[in-house]
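Build the full structure now, drawing on both the sequences and the hints.
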Amino acid sequence: MVLGGPVLRDAPSEAFDHLLLEQVITHKLALLLSMMLMVTAACAPVDPDIAASGNESASEAAPPTNVVEAAPPPTQAAENPDRAGYRASGNEPFWTMTFGESTMDFSELGDENTGSAIRPDPERLANGWRFTARSGERPFIAEIQERRCNDSMSGRPFPHTVTVTVHGQTYTGCGGDTAGLLTGDEWRVTRLESAETTGRRPPTLLFAADGALTGDGGCNLFRATYEITGEGIEIGPALATRMACVEPELNSQETQFFTLLEQATRFDIAEDGSLKLYVMDRPVIVARR
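Residue numbering for the sequence shown follows the numbering used here, starting at 36 and increasing by one per position.
For the record, the hints were derived by calculation from the structure and aren't laboratory data. Cβ coordinates follow ideal geometry from the N, Cα and C atoms, glycine included. It cannot be assumed that every hint is accurate.
[To be verified] Simulated restraints, written as ranges between beta carbons of each label pair:
1. Arg182 with Ala244: 20 to 26 Å
2. Arg236 with Thr205: 46 to 52 Å
3. Thr225 with Asn115: 49 to 55 Å
[To be verified] In silico DMTMM-like pairs for lysine to aspartate or glutamate, Cα to Cα no more than 20 Å straight-line:
4. Lys311 with Glu221
5. Lys311 with Asp220
6. Lys311 with Glu231
7. Lys311 with Asp212
8. Lys311 with Glu266
9. Lys311 with Glu228
10. Lys311 with Asp186
11. Lys311 with Glu269
12. Lys311 with Glu262
Structure below.
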């Protein structure tokens with residue numbers, strides 16, 4: 036049933052609606068199940084022996100021992116570079132390093148400075164990995180740090196800062212999978228252009244590794260595609276259900292969200308971990324996890 040009010044998108048088929056609902060809500064149900072399990076554990080009956088010990092005064096009770104407060108799980112697992120297909124590159128001079136099935140290979144554009152070596156098991160550093168090998172008679176060392184890096188020419192973000200030493204020269208650049216910065220947990224939109232989002236259901240974004248983008252516009256669930264390009268990001272038109280918002284201002288917010296999403300030309304991850312989508316150099320969408 037469609038409520039009164041403006042319609043945001045052409046109505047998709049009923050089959051599409053059901054498929055879209057299943058894909059987006061599955062993630063939310065998993066989070067809800069985790070919360071229910073925690074509540075169940077908190078309401079479990081108290082052991083009588085433990086209850087009896089409560090008669091002791093607080094001053095006489097012995098402090099608990101061997102209690103370790105569990106750290107929250109990371110929202111995104113670190114990308115392990117020790118795999119075939121890993122790539123890093125830098126500019127001025129232009130260079131590329133790639134990992135084969137068992138090798139690490141380096142080349143500099145327009146120069147004879149190339150190197151190849153059997154890829155060793157990496158040394159795990161506090162904030163990354165170090166691969167120490169030899170190309171011929173000289174050291175070939177690749178140090179990959181878990182520190183975000185932006186390409187010095189395109190501005191494209193990468194998860195790793197990379198330093199390569201080969202044939203006595205040192206090169207710096209970026210490496211890793213750019214899409215890995217987006218995929219994983221859901222992003223909640225906090226700002227559209229200069230205004231903070233309103234309503235109990237802020238727009239959300241969920242990027243999948245296969246290029247699918249799903250989420251909630253605030254009133255309607257949507258589905259789109261995205262592609263990481265050499266210069267930025269391209270996001271396809273959002274197909275959405277057509278339930279009108281109860282509050283008129285939320286209709287305007289959702290329409291603005293869909294419009295800006297399709298106009299985005301690049302993205303970056305800020306120092307505080309927030310996602311920023313840009314139209315050229317103008318930030319238009321800010322989201323957090």
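Hints, verified against the model:
The given range of 20 to 26 Å is respected by Arg182 and Ala244, whose C-beta atoms sit roughly 22 Å from each other. Hint check: Arg236 to Thr205, Cβ distance near 50 Å, so the stated range 46 to 52 Å holds. Range check, Thr225 to Asn115: Cβ separation about 31 Å, and the 49 to 55 Å hint is violated. Taking the CA atoms of Lys311 and Glu221, the gap is about 14 Å. The hint holds against a cut of 20 Å.
Of the supplied pair hints, the one linking Lys311 and Asp220 holds, its CA atoms being roughly 16 Å apart against a limit of 20 Å. A distance of roughly 14 Å separates the Cα atoms of Lys311 and Glu231; the hinted pair therefore holds under the 20 Å criterion. The suggested pairing of Lys311 with Asp212 holds, with an alpha-carbon distance near 18 Å, which does not exceed 20 Å. For the hint pairing Lys311 with Glu266, the CA-to-CA distance comes to about 15 Å; that is within 20 Å, so the pair holds.
At roughly 10 Å between alpha-carbon atoms, Lys311 and Glu228 fall within 20 Å of each other, so this suggested pair holds. Straight-line distance between C-alpha atoms of Lys311 and Asp186 comes to about 16 Å, which keeps the hinted pair within the 20 Å bound. With a CA separation close to 14 Å, the supplied pair Lys311 and Glu269 stays within the 20 Å bound. Only pairs whose Cα atoms come within 20 Å are accepted, and Lys311 paired with Glu262 is accepted, the gap being roughly 16 Å.
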